[in-house]
Amino acid sequence: MNTQNNRRIVVLGNGMAGYKFCEKLIAKQLGSAIPFTLTVFGEEPRIAYDRVHLSAYFAGKTADDLALAPESWYTDNNIQLYLSDPVIAIDRDRKEVRSHHGHVVPYDYLIFATGSSAFVPQIPGVDKDGVFVYRTLEDLDLIRTYATKARHGAVLGGGLLGLEAANALLDLGLEAAHVVEFAPRLMPRQIDAAGSAILQRRLEDLGLQIHLNKSTQQLTGDGVINGMQFADGSLLSIDMLVISAGIRPRDELAKRSGLDVHPRGGIVVDNFLQTSDPAIFAIGECALVHSMIYGLVAPAYDMADVVAARLTGTEREFQPFDMSTKLKLIGVDVASFGDAFAEGDDCRTVCYENKAKGVYKRINISADGTTLLGGILVGDAAEYNQLLQVCKNKTILPPDPEDLILGNRGGEDVPGAGVMSLPDEALICSCEAVTKAQLCHEIGENGQTTIDALKKSTKACTGCGGCTPMVKDLIQAVQKQQGVYVRNVLCEHFDYTRQELLDLAKINQLTTYGAVLDTLGKGDGCEVCKPAVASILASLWNENILEKDRAPIQDSNDRYLANLQRGGTYSVVPRIPGGEITPDKLIAIGQVAKQYGLYTKITGGQRIDLFGAHVGDLPAIWEQLIAAGFESGHAYGKALRTVKSCVGTTWCRFGVQDSVSFAIEIENRYKGIRAPHKFKSGVSGCVRECAEAQSKDFGIIATDKGWNLYVGGNGGAKPQHAHLLVSDVDKATCVKLIDRFLMFYIKTADPLMRTATWINKMEGGITYLKAVVVEDSLGIAAELEGEMDALIANYSCEWKAVVESPALRQRFTHFVNAPTLKDPTVQFAPMRDQIQAQDWIR
Amino acid sequence: MTTTETITWHVACQTADVPADGGACALINGRQIAIFHLARRNEWYATDNQCPHRQQMILSRGMTGSVGDEPKVACPFHKKAFSLKTGACLSGDDYQIDTFAVRIENGMVYIGLPA
Ligand SMILES: Cc1cc2nc3c(=O)[nH]c(=O)nc-3n(C[C@H](O)[C@H](O)[C@H](O)COP(=O)(O)OP(=O)(O)OC[C@H]3O[C@@H](n4cnc5c(N)ncnc54)[C@H](O)[C@@H]3O)c2cc1C
Numbered sequence: 077m078n079t080q081n082n083r084r085i086v087v088l089g090n091g092m093a094g095y096k097f098c099e100k101l102i103a104k105q106l107g108s109a110i111p112f113t114l115t116v117f118g119e120e121p122r123i124a125y126d127r128v129h130l131s132a133y134f135a136g137k138t139a140d141d142l143a144l145a146p147e148s149w150y151t152d153n154n155i156q157l158y159l160s161d162p163v164i165a166i167d168r169d170r171k172e173v174r175s176h177h178g179h180v181v182p183y184d185y186l187i188f189a190t191g192s193s194a195f196v197p198q199i200p201g202v203d204k205d206g207v208f209v210y211r212t213l214e215d216l217d218l219i220r221t222y223a224t225k226a227r228h229g230a231v232l233g234g235g236l237l238g239l240e241a242a243n244a245l246l247d248l249g250l251e252a253a254h255v256v257e258f259a260p261r262l263m264p265r266q267i268d269a270a271g272s273a274i275l276q277r278r279l280e281d282l283g284l285q286i287h288l289n290k291s292t293q294q295l296t297g298d299g300v301i302n303g304m305q306f307a308d309g310s311l312l313s314i315d316m317l318v319i320s321a322g323i324r325p326r327d328e329l330a331k332r333s334g335l336d337v338h339p340r341g342g343i344v345v346d347n348f349l350q351t352s353d354p355a356i357f358a359i360g361e362c363a364l365v366h367s368m369i370y371g372l373v374a375p376a377y378d379m380a381d382v383v384a385a386r387l388t389g390t391e392r393e394f395q396p397f398d399m400s401t402k403l404k405l406i407g408v409d410v411a412s413f414g415d416a417f418a419e420g421d422d423c424r425t426v427c428y429e430n431k432a433k434g435v436y437k438r439i440n441i442s443a444d445g446t447t448l449l450g451g452i453l454v455g456d457a458a459e460y461n462q463l464l465q466v467c468k469n470k471t472i473l474p475p476d477p478e479d480l481i482l483g484n485r486g487g488e489d490v491p492g493a494g495v496m497s498l499p500d501e502a503l504i505c506s507c508e509a510v511t512k513a514q515l516c517h518e519i520g521e522n523g524q525t526t527i528d529a530l531k532k533s534t535k536a537c538t539g540c541g542g543c544t545p546m547v548k549d550l551i552q553a554v555q556k557q558q559g560v561y562v563r564n565v566l567c568e569h570f571d572y573t574r575q576e577l578l579d580l581a582k583i584n585q586l587t588t589y590g591a592v593l594d595t596l597g598k599g600d601g602c603e604v605c606k607p608a609v610a611s612i613l614a615s616l617w618n619e620n621i622l623e624k625d626r627a628p629i630q631d632s633n634d635r636y637l638a639n640l641q642r643g644g645t646y647s648v649v650p651r652i653p654g655g656e657i658t659p660d661k662l663i664a665i666g667q668v669a670k671q672y673g674l675y676t677k678i679t680g681g682q683r684i685d686l687f688g689a690h691v692g693d694l695p696a697i698w699e700q701l702i703a704a705g706f707e708s709g710h711a712y713g714k715a716l717r718t719v720k721s722c723v724g725t726t727w728c729r730f731g732v733q734d735s736v737s738f739a740i741e742i743e744n745r746y747k748g749i750r751a752p753h754k755f756k757s758g759v760s761g762c763v764r765e766c767a768e769a770q771s772k773d774f775g776i777i778a779t780d781k782g783w784n785l786y787v788g789g790n791g792g793a794k795p796q797h798a799h800l801l802v803s804d805v806d807k808a809t810c811v812k813l814i815d816r817f818l819m820f821y822i823k824t825a826d827p828l829m830r831t832a833t834w835i836n837k838m839e840g841g842i843t844y845l846k847a848v849v850v851e852d853s854l855g856i857a858a859e860l861e862g863e864m865d866a867l868i869a870n871y872s873c874e875w876k877a878v879v880e881s882p883a884l885r886q887r888f889t890h891f892v893n894a895p896t897l898k899d900p901t902v903q904f905a906p907m908r909d910q911i912q913a914q915d916w917i918r
Numbered sequence: 093m094t095t096t097e098t099i100t101w102h103v104a105c106q107t108a109d110v111p112a113d114g115g116a117c118a119l120i121n122g123r124q125i126a127i128f129h130l131a132r133r134n135e136w137y138a139t140d141n142q143c144p145h146r147q148q149m150i151l152s153r154g155m156t157g158s159v160g161d162e163p164k165v166a167c168p169f170h171k172k173a174f175s176l177k178t179g180a181c182l183s184g185d186d187y188q189i190d191t192f193a194v195r196i197e198n199g200m201v202y203i204g205l206p207a
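First to last, the protein sequences are chains A and B. Note that the first sequence ends on residue 918 in my numbering; no numbers are left out. Note that the second sequence ends on residue 207 in my numbering; no numbers are left out.
Everything labelled a hint here was simulated from the structure, so no lab data went into it. None of these values were measured; they are calculated from a predicted model. Treat the hints with care, as some may be off.
Said to hold, decoys possible - Once the Cα atoms are required to be at most 20 Å apart in a straight line, the calculated EDC-like pairs of lysine to aspartate or glutamate come out as:
#1 A:Lys532 to B:Asp186
#2 A:Lys532 to A:Asp126
#3 A:Lys670 to A:Asp660
#4 A:Lys598 to B:Asp161
#5 A:Lys531 to B:Asp185
Working from the sequences, and respecting the hints, build out all of it.
Spelled out as structure tokens, the structure:
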């Protein structure tokens with residue numbers, strides 16, 4: 077194709093595919109003598125945004141956050157962008173488009189990227205107020221406004237989007253969110269009946285109400301919706317309804333312009349995405365290719381690439397796309413890949429179902445047992461990436477393929493399961509079509525060894541983000557192969573891992589940073605090794621962290637024994653062991669807060685946080701708190717935070733053990749002990765688990781016979797349930813095992829690694845940990861216990877030390893030359909009868 | 093670099109007021125100046141106390157150190173690091189902080205500000 081003289085391109089639609097087309101074209105024509113002129117018409121009022129993460133808008137992301145590129149990107153690349161201005165007519169003879177606002181623009185090539193709209197079935201009553209669809213930011217604005225006066229909501233459609241919308245309704249604060257599905261199961265396109273049953277239970281636990289096999293006959297209400305009536309005669313009364321019953325390709329303009337469209341929707345294109353008019357292409361959800369509509373972003377991006385490549389002189393066919401998906405629905409993993417429903421003689425199916433945990437896994441294997449055909453994962457999709465690769469690349473399966481979903485139950489690693497066993501052409505990032513070979517090249521040859529760097533050089537991980545864990549593994553694996561960084565050394569100043577440094581500091585009896593750097597390192601240190609060494613010294617000797625030369629090596633919070641907050645003030649958290657507090661102590665906290673004008677809030681760890689303290693006021697605040705009987709809560713430290721408890725047998729009519737007393741004992745035992753990262757605990761008085769002990773670094777749950785000890789749980793961004801270490805042990809045994817577990821963690825984890833990740837990365841995982849901690853397979857249990865005893869013996873409240881030491885107190889000022897003056901730039905804003913920090917200045 | 097700017101010297105504090113291999117903030121002519129003592133190299137530096145990233149008055153409480161031979165300070169808020177010699181941001185952003193001359197005399201720290 078001659079691409080020298082036909083340089084005018086008009087793009088219809090500024091959605092995900094339309095944007096990606098522009099981005100690809102700009103990249104591909106870099107340096108070309110005669111650049112294309114690009115004109116983009118968008119019907120929506122906003123620049124292209126990440127529709128895949130639309131629901132994040134309800135979670136606080138703004139339209140700007142979701143934008144795929146800032147508005148300046150269009151100007152910088154000379155793209156003429158018309159927003160709120162759909163194209164309404166095309167004159168194919170004159171090769172011109174005309175927009176709603178009357179712009180007439182000639183084209184040499186026209187790209188349809190008009191996407192799709194929500195399909196709204198013709199049910200009587202769909203035009204009533206309170207009925208919505210879920211597709212654009214404007215839809216979400218309408219839903220949000222309406223939801224403030226609604227109590228009961230429903231979603232029509234139990235597919236992927238419908239469930240996401242139902243969750244959004246819950247998040248918006250509706251009392252009830254119903255999902256109404258015509259089919260006998262949820263997500264009928266992705267999962268089978270057994271998977272759906274597990275998913276349904278998990279979702280019901282989370283508060284969704286699910287109605288299957290329901291055919292909706294009409295929507296009731298006088299102008300405003302008040303209910304749904306079903307064919308089986310039942311009724312559901314609701315105040316609002318979101319319709320999510322599928323998508324309808326936006327092919328109306330194409331049809332009016334005489335292009336071939338499919339009777340059931342979609343602009344018909346060939347494998348090059350060319351329509352029946354050779355100058356016109358269609359990409360994304362408006363295009364019908366391989367006789368289907370691909371309703372996902374990855375194929376839409378690939379279509380954008382095929383057309384951009386073609387116009388810049390490289391011809392490539394759009395290949396049938398893998399429709400495997402993995403998503404997190406309200407915290408529940410759901411994935412399906414390959415031929416998820418494969419059945420019959422040439423296929424064997426392995427299923428694993430755990431109703432108690434809400435996990436279902438199914439893999440379909442070829443009859444000869446050599447290849448993976450597809451599968452379904454519900455409740456736990458940790459193996460998704462691996463399985464998908466094994467499936468796509470037809471990797472020969474191990475002799476016991478069930479290991480792929482059941483995990484390796486003892487014995488060697490599953491052969492063929494590591495990232496490096498994948499073939500070079502394996503697609504790691506399907507959104508941006510980045511192969512393993514490309515990534516390995518960037519990592520190995522070009523030294524791009526961080527996710528950020530790879531995002532820039534390859535664009536991997538920039539789409540749905542699902543490939544990030546695999547890319548991380550690749551970085552590690554390639555480096556390992558090259559012999560680089562086989563060890564995770566601290567930084568340029570120390571050629572040791574944290575564990576090696578800890579051992580060396582111990583053997584050499586080093587207690588200051590200066591001594592550690594002189595003996596074992598080089599240069600002046602930095603913000604990576606200083607806090608790491610500070611933590612090591614604290615974990616070895618448990619001396620006051622601000623004494624000797626140690627104050628300036630502490631991380632920001634540890635340096636002032638308080639949590640640095642926006643605006644430069646600090647927050648103060650006294651220890652309240654087990655969450656138990658007397659009225660007198662509560663009053664004392666209230667008095668301090670009042671005197672110093674602090675914002676007070678109950679924390680998630682059952683204590684009280686006081687915000688907005690000037691650095692210079694911290695010692696005086698603590699003087700009063702200590703006088704009232706408080707100690708430091710170490711909320712600022714990589715140390716024990718809280719031991720959360722439920723009331724247990726002391727008050728609760730279900731409790732089987734005294735959980736509060738045990739929690740207090742535990743909290744007082746481990747307070748002040750520093751570790752590679754913060755750690756939390758909880759003690760529950762019975763299996764109802766009100767203290768959420770299984771989400772803690774170590775958690776204890778009472779049983780009729782004693783206590784169950786769990787380790788390695790985590791909340792936060794990557795929630796993870798703890799593993800059971802031992803059951804029905806007595807208190808003394810429980811404490812002994814915690815001593816060993818914590819000390820082993822303290823001595824061997826990398827800096828800033830929580831216990832969950834530590835166990836995840838440990839070779840042999842929880843099985844190995846159990847062997848070391850419970851069975852003492854390394855013969856180090858006594859040593860670990862002894863070390864823990866020494867740390868505990870050395871505990872003293874570090875705030876008390878500061879309050880009593882004029883030299884340490886003196887460091888708590890903002891201005892060295894005006895110690896009583898507070899930072900005049902600190903500003904607060906009023907909020908609900910208290911204060912809040914001023915917003916960042918951007 | 094040559095400069096035609098004239099500077100005036102101001103007393104900031106005593107040398108002992110600034111922790112070894114740490115920093116402190118002094119208020120000079122209404123301006124907040126961060127002073128750093130890199131004791132291991134026996135060098136003194138002074139910069140703006142404000143981190144330009146989120147405009148927080150905080151750099152004196154940042155962590156000092158080096159990258160290669162370049163002395164630096166990292167902001168406690170989001171770990172943006174700045175060269176103590178040039179004030180250039182070392183974390184890949186386009187930020188710049190002002191740096192000032194420091195003189196030590198008879199146990200006192202003097203900062204030179206543009207007149
Ligand atoms: C809530 C939600 C969640 C999703 N989650 C996922 C997911 O997890 N994974 C996944 O792969 N996909 C997901 N998708 C699907 C994904 O968003 C789409 O596949 C993708 O947006 C398709 O891109 P597109 O450019 O074809 O369509 P769109 O992004 O819809 O863009 C089309 C644009 O064209 C405009 N337009 C239409 N007609 C005209 C005209 N005549 N003139 C000018 N402009 C016009 C439209 O207004 C629209 O802005 C989700 C979608 C939604 C709604």
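Which earlier hints turn out false for this structure, listed by number in ascending order?
Failing hints: none at all.
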